[in-house]
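Participant: Put together the whole structure using the sequences plus the hints.
Letter by letter, the chains look like this.
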Amino acid sequence: MRCTEVIPVEVSAFSMQKLGNKPSQYEDSYYYELRKRKLAVADGASESCFAKSWADLLTSSFVQSDLSLFRLSDFEVQTVKQAFEPILASIREEWTRKIDWASLPWYIEEKSKRGAFATFLGVEFKRMRRKRKRLYKWRAVAVGDCCMFLLDDTQLQGSFPLTSSSEFGITPCLLSSNSNISSKTLWSIKEGLVKVGKSSRLVLATDAVAKWILQMAESGKNTWSNAVSPETVSRRLFLEELVNKEEIRNDDITILTLGFHSFLRQSGLMLSFKGS
Amino acid sequence: MFLLDQSGSMSEGFGAASIPKAQGAADAINRLLQELILKCTKEEGIRDYFDVAIIGYGSQQGYAGALIGQKFVKLSWLGEHPNKIEERTRKESDGAGGIVENRVKFPIWFDPVASGDTPMCKALELAYEWVSEWITDHQDAYPPMIFNITDGGATDADPESAAKKIMSLSTSDGNVLIYNCHISGTKGSEILFPKSEEELPADELARKLFRMSSLLPQEVINLAEKEIAVEQNSRGFAFNADLVNLIKFLNIGTRTPELQ
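Respectively, the protein sequence lines represent chains A and B. Per my numbering, residue 8 is the first one in the first sequence, and the count goes up by one each step. Per my numbering, residue 1290 is the first one in the second sequence, and the count goes up by one each step.
Rather than coming from a laboratory, the hints here were simulated on the basis of the structure. Honestly, I wouldn't trust all of these hints.
As the list claims (entries may be wrong) - Okay, derived cross-link-like pairs now, DMTMM-like style, lysine to aspartate or glutamate, Cα gap no bigger than 25 Å in a straight line: (1) B:Lys1453 <-> B:Glu1487; (2) A:Lys120 <-> B:Glu1324; (3) B:Lys1394 <-> B:Glu1381; (4) A:Lys25 <-> A:Glu254; (5) A:Lys252 <-> B:Asp1462; (6) A:Lys120 <-> B:Asp1337; (7) A:Lys29 <-> B:Glu1333; (8) A:Lys29 <-> A:Asp107; (9) A:Lys133 <-> A:Glu198; (10) B:Lys1373 <-> A:Glu116; (11) B:Lys1515 <-> A:Glu174; (12) A:Lys25 <-> A:Glu174; (13) A:Lys29 <-> B:Glu1369; (14) A:Lys105 <-> B:Glu1369; (15) B:Lys1373 <-> B:Glu1390; (16) A:Lys120 <-> B:Glu1333.
Facilitator: Shown next, in the form of C-alpha cells:
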C-alpha cells in the first residue's frame, strides 16, 4: 500500500455572546466553506439596528460568492474594493428587503434608515504547487478591527490588520448597509504564506478577544494560546473568567481557527470542521 | 435631566434667525430627546440605558415643575409617548457627491411655550432635589447630566451658586454634569464647547451660563476631538448652537458614522 502525505485543513469555530446578554443578542457573525477555501468574521456595531442581519450577510456573501481574491487582476485595495461592490450592492438590497418597515415604530424606523454597520474580515487560502506543497498562501481583506493572527509552532508570527493593542478603540471603520456613508470606509489587504505543521494556524477573531491576544503577546505572556486553541477544554469558562476579571472587554466573542496539519494517509486532501 | 425655559422672554427672536427663542428651545429639546432615544434603539426596541426627567420653568408666574407628570421616566416610555410625530424632509449625502432629500419622522414632545417669569433658581433647586434622590438609588451609575435650555435671564436670583451646588453632587463615576444651551437674542456666530469666556460675545448672560457649565469629561473629548473642535478645557456650553453632539458622543458601544 502506498502512503502519501496529506494535509487536512481543519476549522474550529467558537462564539459566545456578551456576558449578561441573551444568545439572541449576539451580533458577531462567522461563516466558512472549506471547499471554497474561504472564511469570514464580522462584528455588528452595537449602535445600529439589525446589525446581526448585516454581519451575517457580509460573511455569508463573501464566502458563498464566486469572488476569489486569487483571481483578481491584481491584489490592490482599489481592485479588491471594486470586486466587492456588486456583492455589497446585492446584500444592501437584501438587508433592506428583510425588514418589515411598515410595522416599525418611529424610533426603529428612523434608526434603521441610518443603516446597519459591521466590521469585516475575509480570508481565502490555497495550497501552493509542486515543490512548495508544504506552504499555503493566504489573502485577507479587512474593514475595521476584526483581526487575523498567524501562528507557527505556538509563536505569534503576525497580525492583520491591527498590529498593536493600542490601535483598538470604539470607532473602528465599518461597512454600512447604507451606501450613502460607505465612501469613507478604509479597506486593508494583506497576503502571506503559512507552513504546514502541527501548530500552524490562522486565527480570525473579533475585536475584544483580538485586543487581548495582542496585549498578551506584547507582554510576553502565552496564555493567549488557550483562547485560540480548539483543544482547550472549557474555552468558554476560560474566556468568561477573563471577562469577569476585566482582562477582556465584555463583548461578543468569535474565534475561527484554521489549522494545517500533516500526516501520512492513503488518500488525498481531507477537509473537516468542528463547531463549538 | 432636561430643564426647559418656557418664560415670556422666550417669545423674542434669537440670533440671526427670525424665529422665536421658544421655537428654538422646543426644537432643541425635541432633537436632544430624539437623538438620545435613537442612540439607545435596537431592533427589539429602546434599551433603557437612561432615566429621563424634564423640568419646565416659566409658563406661568413662579412655576417650576415636571413637564411629563412624574419625576423620572424610562427612556423607552418617552420614546413611545411623543405628543405627535411630524414628517419632515432632510437633506443628506447620496454617497456620490450629491444631495438627496429624504423624508424623516420627527417626534414632538414639546411645543413652544413663552409665558410668565424665569424662575431658573427654583428649577435648579428642584433639579438638585431630584438628582440627589436618584443618586441615592444609583450610586455607581454614570453621573447624571443636566441639559438646561434657556435664554439665560433668571428672574428669581443668581443661578450660578445653585448650579455649582448641583455640580458638587457625584456618583462613584464622577460629578454631576451641567450643560447649557443658550438661546440668545444677541447677534453673533454660533459657538459650541468654548474653553474661555473671552470666546463669547459681550453678553453677561452668556458668560454666566458658561461659568455654570461643566468641563467636558475626558471620554467625551476623546471621542469628539476627531470630529469637532474640542480641547481639554472645553465646556458643555452652546451659544445659539446645537448640543445634540453631546448625545452623539456618549459612549454606549461601538459608534457608527453619521449621515452627512
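Participant: What hints, given by number in increasing order, does this structure fail?
Facilitator: No hint contradicted; all consistent.
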